[in-house]
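> What follows is each chain in one-letter form.
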Amino acid sequence: MQTFDLGAEGLRALNSSLHALKGQTNMTAWEVVNPKGAHAIAAGVDAPVDITVRGSTGYYCAGMNKQATIRIKGSAGPGVAENMMSGTVIIDGDASQYAGATGRGGLLVIKGNASSRCGISMKGINIVVHGNIGHMSAFMAQSGNLVVLGNAGEALGDSLYEARLFVRGTVKSLGTDCIEKEMRPEHFEILEDLLKRGEADAKARPEEFRRYGSARQLYNFNIDNASAY
Amino acid sequence: MCGIVGLFLKDPKLEPKLGAMLTDMLITMTDRGPDSAGIAIYSGAKDGIGKITVQSAHPGVDFKNLDLDLKEAIGKPVLMLVKSSHAVLEVPIDQIEAARSALAHLRPSLKVMSTGDCIEIFKEVGLPKDVAARFDVSKMSGTHGIGHTRMATESAVTTMGAHPFSTGSDQCLVHNGSLSNHNSVRRELRQAGMTFETENDTEVAAAFISHKLHEGDSLGHAMEATLTDLDGFFTFVVGTKNGFGVVRDPIACKPAVMAETDEYVAFGSEYRALVNLPGIENARVWEPEPATVYFWER
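In the order they appear, the protein sequences are chains B and E.
Mapping of the first sequence onto the numbering used here: position 229 corresponds to residue 229, and the numbering continues sequentially without gaps.
Mapping of the second sequence onto the numbering used here: position 153 corresponds to residue 153, and the numbering continues sequentially without gaps.
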């Protein structure tokens, strides 16, 4: 276990040590203490390592993550796991706005609540939120799955492309071109898997969710509407 | 950007440390706003005494014998405490308006930062650590206080453009964001009798709330009204003689974190600003919801 005191050694030293881990490494377990809400903790990691952050983080923790498993033993500031490529990010507390924004792959788990714009423009990432999500979540989301055990705020999935949104609780309102869709067998399978990997299988069952997706009226050019353009 | 910090103490034992706690929080927010910084401190009111905080670009000239000149003008005792470019003038509470008029005549270049029973506002251009040191903020005690680090967008980097803005007795407001309808709201408020010192958008928000309070609205209602009448991006933190409030616009893209314990309620633009507060590990920490008014009054 490599223990890194962020207060004593500083962010640049941490991130350059983590960036130096390429491919195979025998330093597979890292612990970051005294994060004190600092920005960009463990951003840009590209190695199959486990990193545990003991406390709350500021902007962009675990941004662009590839391969690593990053656990935050506290809450995360804005843009956690932004543009994640692969790997896993697990937050014990809450996440601030635009968690998992533009993420291309991997799994983001938020055990508390996520605030506004969770999964905005997501492009393949899977996000599991144990609590609620705020307004404008999954705005222009392109692919991947957003699973919410609690409630969703206003304008869920506005201008949605092909991401799948699963919500167990209430949805305050759906955004433009986002509609409820039927749950088919493959959706139960996706949920079964994500609830398990998202450490939420003891809290919820796949059949308790409703699915929301794109009505596909907005992003396809429709010749009948040509005069309106 | 801009950084906001605020503390509303519930436990009187922390009151002597208010300035030190706020200074630490303010300096942490330097990279959100290195242009200028300011702080509003509310300390216990003295019976029958009111305070006027004034600022001067030429303190050596303006503050010389100011207490004596003011005493002669209003015919009542005046106590003056000079802190760098600011001075706090203590006068009998019923003499505040008379003293303000006299000051405008005696020292026309003085700017009034605040008036009231217990508010003092200190603000200047410069790095937060330098501004805090200049006014010895860390030694100040009080019941609640609000600080701001500014990254200017809407108007010039000047002392008067720094936050907090005070537009009513014992009232102040700081802002992260920008307002788009401030010119029309300013026009309406001017017609309603409010006066303005700057072209700054935040001053309009402060005056908007002061006007509502003057009309008899509660702090909660006045803050609620900003959600319908002010257009733009905002996280506001508001102080009154005995209250402390927070409101964010419905889009809520300007960050805000709050923490509450039995000892205090704290506000920070980021969690970083709160990490050194006593008992923060066990505090209730949350993000204020969009379009929701939070306030505490003692």
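One thing to keep in mind: the hints can contain errors.
[What the hints assert, rightly or not] Derived lysine-lysine pairs resembling DSBU-like cross-links, with alpha carbons at most 30 Å apart: (1) E:K46 with B:K36; (2) B:K22 with B:K123; (3) E:K13 with B:K123; (4) B:K36 with E:K83; (5) E:K139 with B:K73; (6) E:K254 with B:K36; (7) E:K254 with B:K172.
[Unchecked claim] From chain E, some residues computed to sit far from chain B (all C-beta separations above 10 Å): (8) P12; (9) G60; (10) S84; (11) S85; (12) V88; (13) D136; (14) S141; (15) G193; (16) H214; (17) C253; (18) E287.
To be clear, the hints were calculated from the coordinates, so they are not data collected in a lab.
Since this is a predicted model, take the numbers as computed values, not measurements.
Glycine included, C-beta positions come from ideal geometry on N, C-alpha and C.
> Are the hints correct? Go through all of them and say.
To see whether the hints hold, each was checked on the structure:
Distance check on the hinted pair: K46 (chain E) and K36 (chain B) sit about 39 Å apart at the alpha-carbon level, beyond 30 Å; violated. Annotation: proposed proximity of K22 (chain B) to K123 (chain B) holds, straight-line Cα distance about 25 Å (limit 30 Å). A distance of roughly 52 Å separates the Cα atoms of K13 (chain E) and K123 (chain B); the hinted pair therefore is violated under the 30 Å criterion. This hinted pair does not check out: K36 (chain B) and K83 (chain E) have alpha carbons roughly 33 Å apart, beyond 30 Å.
Under the criterion of a C-alpha separation no larger than 30 Å, the hint pairing K139 (chain E) with K73 (chain B) is inconsistent with the structure, at around 35 Å. Straight-line distance between C-alpha atoms of K254 (chain E) and K36 (chain B) comes to about 20 Å, which keeps the hinted pair within the 30 Å bound. Between K254 (chain E) and K172 (chain B) the alpha-carbon distance is near 22 Å, which keeps this suggested pair within the 30 Å criterion. Non-interface call for P12 (chain E) relative to chain B: holds, since the shortest CB-CB distance, roughly 28 Å, exceeds 10 Å.
The beta carbon of G60 (chain E) is kept farther than 10 Å from every beta carbon of chain B, the shortest such distance being approximately 41 Å. Even its closest Cβ contact with chain B, about 31 Å, leaves S84 (chain E) beyond 10 Å, as expected for a residue assigned away from the interface. No beta-carbon of chain B is positioned within 10 Å of the beta-carbon of S85 (chain E); the least distance is around 32 Å. Every Cβ of chain B is farther than 10 Å from the Cβ of V88 (chain E); the closest lies at roughly 34 Å, confirming the non-interface assignment.
A cut-off of 10 Å between C-beta atoms confirms that D136 (chain E) is not in contact with chain B; the least separation is 26 Å. With a least beta-carbon separation of about 26 Å from chain B, S141 (chain E) lies farther than 10 Å from that chain, consistent with its non-interface assignment. Here G193 (chain E) stays apart from chain B, with its beta-carbon at least about 37 Å from theirs, past the 10 Å limit. The claim that H214 (chain E) is not at the interface with chain B holds, since no C-beta of that chain comes within 10 Å of its own (minimum 33 Å).
Distance check on C253 (chain E): its Cβ comes as close as 7 Å (rounded) to a Cβ of chain B, failing to clear the 10 Å threshold; non-interface status is violated. A beta-carbon of chain B comes within 10 Å of the beta-carbon of E287 (chain E); the shortest separation is about 5 Å.
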